[in-house]
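K.L.:
As a plain string of letters, each chain reads:
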Amino acid sequence: MAPAEPILQVRDLVKHFPLTQGILFKRQIGAIKAVDGVSFDLHRGETLGVVGESGCGKSTLAKVMMALERPTSGSVMVNGKDITKAKGAELKRMRRNIQMVMQDPYTSLNPRMTVGDIIGEPFEIHSEVVPKGDRRKRVQELLDVVGLNPDHINRYPHQFSGGQRQRIGIARGLALQPEIIICDEPVSALDVSIQAQVMNLLDRLQKEFNLAYIFIAHDLSVVRHISDRVAVMYLGKIVELGGDNQIYERPSHPYTQALLSAVPVPNPEGREARQRIILQGDPPSPANPPSGCRFRTRCWKAQDICAKEEPLLQIRPGTDHPSACHFAEALDVVHSQS
Amino acid sequence: MSDPSVTQDLIHGGEGPAASVVSASNKPRSLWQDTWDILRHRKIFWISLIMLILFLLMAAFPSLFTHKNPDYATLAKSMEPPSGEAWFGYDLQGRDVFARTIYGARTSIIVGVLATLLTVVLGGIAGVLAAYYARWVDSVLSRIGEIFLGVPYVLGAIIILGTVAPAQSSPDRVTIMAVVIIVLAVLGWPILMRIARSSVIQAKHQDYVQAARALGAGPFRIIFKHLLPNSLAPILVYATITIGSYIGAEATLSLLGIGLREPVISWGIAIADHTSYIRTGAHAMLFPAAFLSLCVLTFVMLGEAVRDALDPKLR
Ligand SMILES: Nc1ncnc2c1ncn2[C@@H]1O[C@H](COP(=O)(O)OP(=O)(O)OP(=O)(O)O)[C@@H](O)[C@H]1O
Ligand SMILES: [Mg+2]
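Taken in order, these protein sequences are the chains called A and B. Position 55 of the first sequence, counting from 1, maps to 55 under our numbering, and the rest follow consecutively. Position 20 of the second sequence, counting from 1, maps to 20 under our numbering, and the rest follow consecutively.
Derived by calculation from the structure, the hints in this document are not laboratory data. Hints should not be assumed to be uniformly reliable.
Said to hold, decoys possible - Derived BS3-like pairs (lysine-lysine); straight-line CA-CA distance at most 25 angstroms:
(1) A:K92 x B:K225
(2) A:K92 x A:K81
(3) B:K225 x A:K132
(4) B:K204 x A:K92
Claimed, not checked - Covered stretches of chain B, as calculated for chain A (at least 3 residues, CB under 8 angstroms):
(5) 202–211
(6) 221–227
Note that beta-carbon positions come from the ideal geometry of N, C-alpha and C, so glycine has one too.
The shape of chain A in the complex, shown without the other chains (with noise of 0.2 angstroms):
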């Protein structure tokens, strides 16, 4: 489904927090490596789901991508220019074409600000997209087309519930009309009923719009449904990289199998037969990763190699898609085809 031009190209991606010592004269003694060499393609009205524990790295991902943050090397094309390059006017233009919706409704849109005044604001800052006497239609068309009333222009935050209030977020990002929509965990603050309305809400505004998103969450089975390819972090690193049958039926490296194997499983004979792979202890810190593959630590499969030499994201034998593991093996966790 995918053609073959990627609007969004990320390479070698590394972003490293530098830890600092002293008041007035700072020294580095150190560095989190948040972001640690990351590549991958996104192409037009795609889904690529980022899956990883707290703290692997996602939410920095994002960031660079959007060029909130300067990342330390790498590059991260949109439509073949590279945004974390790019300055003044022309990262101005660029942002129209790459948006996101966050993951905290109660803190992504200003308390001091009404609706009207949050999704008109792109409008306002790139002020050739809406003539100024067309915006205030435009934001009430927002409002309807993410399912909110459009005579509600005027209301603060507050007196929005936290699924509403997410959907003010999509307003705002999709004001611009992105390309591409980088979604930081963005139903993971929300009840569970309404995570099920704000992601059947996304998947109709990616069909609309032909929309491209990085859907990014720590838990498999939200981006199961909406997601066409699925990369797995752990520490900074993807370890897996494949389509969502491959991910979820064949998973190759342990971390994803040990993901998987946690996931709710909604049919009773799938509980039965499943194995359960508990990991042991907490992900090593990003200042101070493991040699070799970062996942050893926790990993039952470890052999000497695992820290001498670092598995690279490859294809390897017996899988049909890229996994960094040295001991990479297909194996059905969840027990799901059908």
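We have chain A already, so just place chain B with the ligands on it with the hints.
P.N.:
Chain B with the ligands only, in chain A's frame:
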């Protein structure tokens, strides 16, 4: 594969009246609304508000409170004690102490308010710049602020005022008030800078600022639309308290003979002029001193009441 259907059910079942709940009762409400609800039930807030209104009326329309001329002197009545004719008695030069105390409110409040405004502007700009640009801008501004804070207040004032308006000089009304206002603000801005800086830093890390940046908003829009409106509360509270302390500081400087001086009418001057008569004619000093204390207290109490109401830890 059965899981998608579960979500489908939720999706269709959930889209309905549940999605249109708009109620203020169980959702977080605006900061000011909560603050007002707490303030309404505080006695101290109402007391200080009423006193504030009284003092402001005094400053704006002194003739509402007294029909006497504060500058009219009858030397024969020098230091006469309070009586039915002159409630607060007469001062050293035979002027009506009540009238002078009422008229003194204007000077004190003008000095307090203008010096605070200047402090807020100086400290606010420095704080916003330090917080927004961080890095070396922050380091430089914070160090400069520390240098100013390191100078003891009175010492700093003596040095500046002693140079610009020495005790024996007699500058005109406007000049000396302007000088005192500037001195107070120049010595006081670093504290306001710290408050503005920390509250802007807090606002800066909010997601809505990131969202505005992602939309391509420039520094001007981010500062004026997003950062300032959301960091104003602590600045306003501190400013209110500052008005009170500046009124006290102005009196201190007058007492030292380097602040305001004749022909300005002020509580500080009245106190200064009569300190040596405290045993024979305390009234000439005590009434202005009482008004001064009450006025300082009013602003400090009001500021603290609002601060407590804004403080989420006390809820
Ligand atoms: N501005 C920063 N300065 C220093 N370290 C940071 C900064 N932002 C993030 N980090 C660190 O980078 C690592 C990755 O953080 P990030 O927020 O990207 O994780 P995440 O995958 O989004 O986690 P979560 O699921 O909790 O949102 C963490 O260890 C975090 O402490
Ligand atoms: Mg995150």
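K.L.:
Now tell me, hint by hint, if it's right for this structure.
P.N.:
Against the structure, the hints come out as follows:
no. : hint            : result
1   : A:K92 x B:K225  : 18 angstroms, holds
2   : A:K92 x A:K81   : 13 angstroms, holds
3   : B:K225 x A:K132 : 19 angstroms, holds
4   : B:K204 x A:K92  : 20 angstroms, holds
5   : 202–211         : holds (count 5)
6   : 221–227         : holds (count 3)
When held up to the earlier numbered hints, the structure conflicts with none and fits them all.
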